[in-house]
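Got chain A sorted already, so can you dock chain B onto it with the hints?
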Amino acid sequence: MIIKDVIESSVPPDAAQDERTQTSFQGMFGERTLAAWEIASVTLSFLIAEWVVPPFARQSLLVGAIPLCLALALILLSQRERGEKARDIGWRMDNFVRALASLALPMIAFAALIIITGWLSKGFRTDKIYLWQWLAWLPAWALIQQYALQGFINRRAQILCGRGFGSVLLVGCIFALLHLPNPWLACATFIGGLIWGGVYQRHPNLPALAISHTLMSLVLVWALPPSMMSNLRVGFRYFG
Amino acid sequence: MAKRTGSLKLTRLTYYLIVKSIVDVLLIAILALGFYLTAFHPFFHGWVDDANSRWVRGWVINRAAPTGDVEAQLYIDGRFVESQPANQPRPDIVATQLAENEKHGFFFTTPALEEGEHEARVYAVHESGEEARRTLQLIGKPFRFITEGNPAEPYFRGWVEEANAQYVRGWVIESATPAANPEVQLYIDKRFIERQTANQPRPDLVTARVTGDENHGFFFTTPTLDPGEHEARVYVVHENGGEKNRILRLIEKPTRFIVKAVVSSKLPPEEESQTSENSLR
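Top to bottom, those sequences are chains A and B. Following my numbering, the numbering of the first sequence begins with 12 at its first residue and continues without gaps. Following my numbering, the numbering of the second sequence begins with 22 at its first residue and continues without gaps.
Because the hints were derived from the structure by calculation, they are not lab data. Values in this document were obtained by computation on a predicted structure and should not be read as measured data. Heads up, the beta-carbon is just placed ideally off N, CA and C, and yes, glycines get one too. Errors might be hidden in some of the hints.
Pair ranges (Cβ atoms, derived) [to be verified]:
1) P132/B with P237/A: 49 to 55 angstroms
2) I49/B with C184/A: 57 to 63 angstroms
3) T59/B with L72/A: 15 to 21 angstroms
Derived, one-sided and incomplete: chain B residues facing chain A with beta-carbon distance under 8 angstroms [unchecked claim]:
4) Y37
5) S42
6) D45
7) G150
Extracted from the complex, chain A is given alone in its bound form:
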């Protein structure tokens, strides 16, 4: 008690003023509000990259990288400020097998659904799976997406809605939103978002999710006809 009083009395007047300002900020933006703002901000960055950059700056990779870098910077700063460790986020291997085991059944069911849809819609005709650049990039891109989606948005969704169905549904909706206006891809990513979001909350493991994401992407591209997938284009490029 004495120590606390000493510390409080030793706070200089300017710092006390700062603290009052910060406290008022804290009152204005509660933790749930901040989490919602973080989710909205990162989602908006992806939407800018998909919808604003292509029509305004055409295919400029440099301009397209700006909103993505801003989102990444916010994610990293937010995780630092909230004291989240790599292990908490899902950069770990101790639960890798448990996460894969949890993913196996829903993945098999979802893959079967995709294959049946592909069979009914005369799919299995794509050349995209033979593009080695795409194949090489796919696992890395899957890991980046899962890091942003689960390692950040899912965790903030849990602050906002609590652990469970609400936060998992929010993750699925955001993942689908980012794949609009491609209707089939939006449906697939909504289901994928629910599966991965649910598994992540029980076994947070990003490598396992990235493997699952990669495999599901391959099945999707392999089984469904290119006309349905529109070459996996999303955002403004979907129309191009």
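Showing chain B alone in chain A's frame:
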């Protein structure tokens, strides 16, 4: 203490979010402004001088590149008609010091239009984004005009010299093939009367050096009409690309004449006809 530390971190996070929001807004604003200035070239200057059933003409200059050609596109009633470079000579533009080079005019031939009011819009075309985008900017203002059928000019030259209770006569020559004898059709009070080939001898056309071949006249006998005012229209048939694409084009203007209640056989036709002056153009 730990609570205060946590609060400080959340406050910093709030600052980061505010800064990122500002940067997001600035990024969108810069992209939008850059796109607007690139795609919608702000340096076009021009005007549509005239639009009617025969032509649409005017001028346009790109003030950022005054010596270059600007592509102009004509739309009538919202539908694309033609695209052409605005490089027709317009010495008046040089005289008024709008440009150093006179080749900034455009002249479109008006296509066949239905009778009534129409709206002509001429747009300057601007390419941007390594020719990936083409944007149109309106030159001047939309120009409204009224047509009375498809005019014979510039495809034909001709004249309805006389229309009266006894006959309707005139001449017509096809501009592209002067030796041809096109078909002409007479309508009185918008009802079809007769068709014939314009091949009647008209030596006065040769004398006046309108043509070297005299067989371009037409002569219709006026049918019996009720007393009162009537309107004669002579159309020439324009076979624009074959038999299936025949367009009736009006020779000059509708000619009005009066049929009196009692017509004497001794009465000279001049008394009741409307004769056009300057019939040999």
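Hint by hint, here is what the structure shows:
no. : hint                                   : result
1   : P132/B with P237/A: 49 to 55 angstroms : violated, 42 angstroms
2   : I49/B with C184/A: 57 to 63 angstroms  : violated, 23 angstroms
3   : T59/B with L72/A: 15 to 21 angstroms   : holds, 18 angstroms
4   : Y37                                    : holds, 5 angstroms
5   : S42                                    : holds, 7 angstroms
6   : D45                                    : holds, 6 angstroms
7   : G150                                   : holds, 5 angstroms
Hint check: violations occur at hints 1, 2; the rest are consistent with the structure.
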